[in-house]
Amino acid sequence: MRLFSRVSNAVLGAEKRVVTVLAAALVLLILLNIVTRAAGAAIFWVDELAIYTMIWMAMIGASVMLRMRTAIAVTLVTDFLPQGIRRAAVRLVDAILLGFAITLLVLCWQWYDPVALIQSGFDLDVFAENTFKFIYTEPTNTVGIRKFWIWLAVPVMAVGMTIHAVANLLEGPVTE
Amino acid sequence: MTIAVFVLLLILGVPIAFVLLGTALAYIEISGNDVLFASVAQQLFSGIEQYGLMAIPLFMLAGEIMNRGGLMRRLIGLASIFVAGLRGGLAYINLLANMMMASIMGSATAQIAIMTQAMVPEMERAGYRRDFAAATTAAGGLLAPIIPPSMLFVIYGVLGQIAIGDLFIAGIVPGLLLTSGFIVVVAVLGIVHDFPQGQWLTRREMLRAAVRGLPSTAVPIVIVGGILLGIFSPTESAAAAALAAFLIGRFVHKELDLREFPDMLLSTAVNSTLVLFLIATANVFGWAIIFEEVPQRLTLWLTEFSSDPFVFMLLVNAALLVIGAFIDSIAALIIVVPLLLPIAQGSYGIDPFHFGVVVCINLVLGILTPPVGAGLFISATLAKVKPGRIFVALWPFLVVTIAVLVLLSWQPWLVTMVVR
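In order, the protein sequences belong to chains Z and Y. In terms of the working numbering, the first sequence has 121 at position 130, counting the first letter as 1, and numbering is strictly consecutive. In terms of the working numbering, the second sequence has 1646 at position 161, counting the first letter as 1, and numbering is strictly consecutive.
Here chain Z stands alone, though its shape is the one from the complex:
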């Protein structure tokens, strides 16, 4: 139990640092866009990169949110329950969230299908032929790398969420 809390907190610390950097990058990219456009030398890939920056920030932020229990929820009903039942409800919610996190993780695994990728010898075109999945062939519009690198935000989030959900469940409700 201690171990999971420690791992989860270490991951949380790293996630917080990453979203901080991403938030800074986001504002700098948009400012860069304003400046270069005003100077008549707009850089065409900045907008798309900025959007990806925001998405990574939001996905990793969602994992942070799960650990910190800050997500918006309707607590109107549970707030009126006696404390014992309320704690049970929190535990149940934690268990449900763990279920969702694991589901997401499984879905990401199927999406990226790493086993088939290895079997294709990391040849992305062979992978597409073998599996009829085109995840690895989809390009980005302007950034110049394949989109699956960018999509990695979702599996990264799912991993973080799973770790945090286990820790939350084991630690139980925060005592008031």
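If you want the footprint, here are the derived chain Y segments under chain Z, 3+ residues with CB under 8 angstroms:
no., segment
1, 1495 to 1507
2, 1724 to 1738
3, 1762 to 1772
4, 1809 to 1818
Stretch by stretch, here's where chain Y covers chain Z in the computed footprint (C-beta under 8 angstroms, at least three residues):
no., segment
5, 20 to 33
6, 38 to 52
7, 64 to 72
8, 86 to 92
9, 96 to 106
10, 142 to 155
These aren't lab readings, by the way, just hints derived from the structure by calculation. Virtual Cβ for every residue (Gly too), placed ideally from N, Cα, C.
Following the hints, put chain Y in place on chain Z, whose structure we already have.
Same frame as chain Z, but now just chain Y:
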């Protein structure tokens, strides 16, 4: 069946974003449409792959910088030149402070919580009754949805695929109506309940407040001016506002400590995630409601009931008041707009700007509406007053807001005349 899952998860207190995700997963499982599982993860991503959404973290950052760089305080000081001496002067200032805070919060209930803790003790010290102090603070949040930079407008614009800048413009007349209504309420309440008489600043104090406050006005000017004149997109105006706030806080007021920056960026990221992740999960949730043919059934039911747009708007208002009472305004907006906007436009020919302004004001009203409005209870708990007593002080604000909503629903040109 899927609806049962939705309601159950919601009542249990599962975070709303996960309620939407869970409902979508349940829908796929129940309907046997297993192929959809393969694209859930990708749909989460593409749900927020939108240029306009970047305005949310950027406006939040601008607000954070204004707050910590001392710009907010000086703007409030500037405003107090005009209202400090009035009966209930602090109440007006409270309304204004709330409007400004709205730009950095991802949740209306969180805003009520923070502002109640900040403003109620101060008003009490100045001689206001605590229940009135709490009520004005809560009411201040009602102005937030229509004053730029409004999070609700940014989200509505993205969901409804309409220009966010134009939406800000469409909110001008309703904003003026609502603000003047609130000013009248505070004035009347001040007389009826004998609010403390404020004290005008001395001429020297006025001059000082003006000189200190003036540079800070650059930030709202950048936002509103940049959008109105078409120099910036709302996203860019948000980044420019953050830069302006940084320069003023750092070099004019010299209050901004660079060591605080990581902390500000972190709270920007965390607060905007509350909203962005909701939009991401709403994208998968959209499948469930589309495949269950909820929109079609709703359209049929509504159009059979009445073909009059005004009646439709009144129905929508009534329904949203109930929804808004349970669910935080931004989350509610994300859930209902994809459902109702197509009906409003397609079956009733309602202008999307008109619809958006009404919906956004309405959803904030819901959280203060008894018997269940979450905002009312938060305000009561933090101010340590019974919810009933806050409501006694709050109802004139609610009545004014409802009156404005009915007026706007009835006369669309109040919104649409300034657009295009």
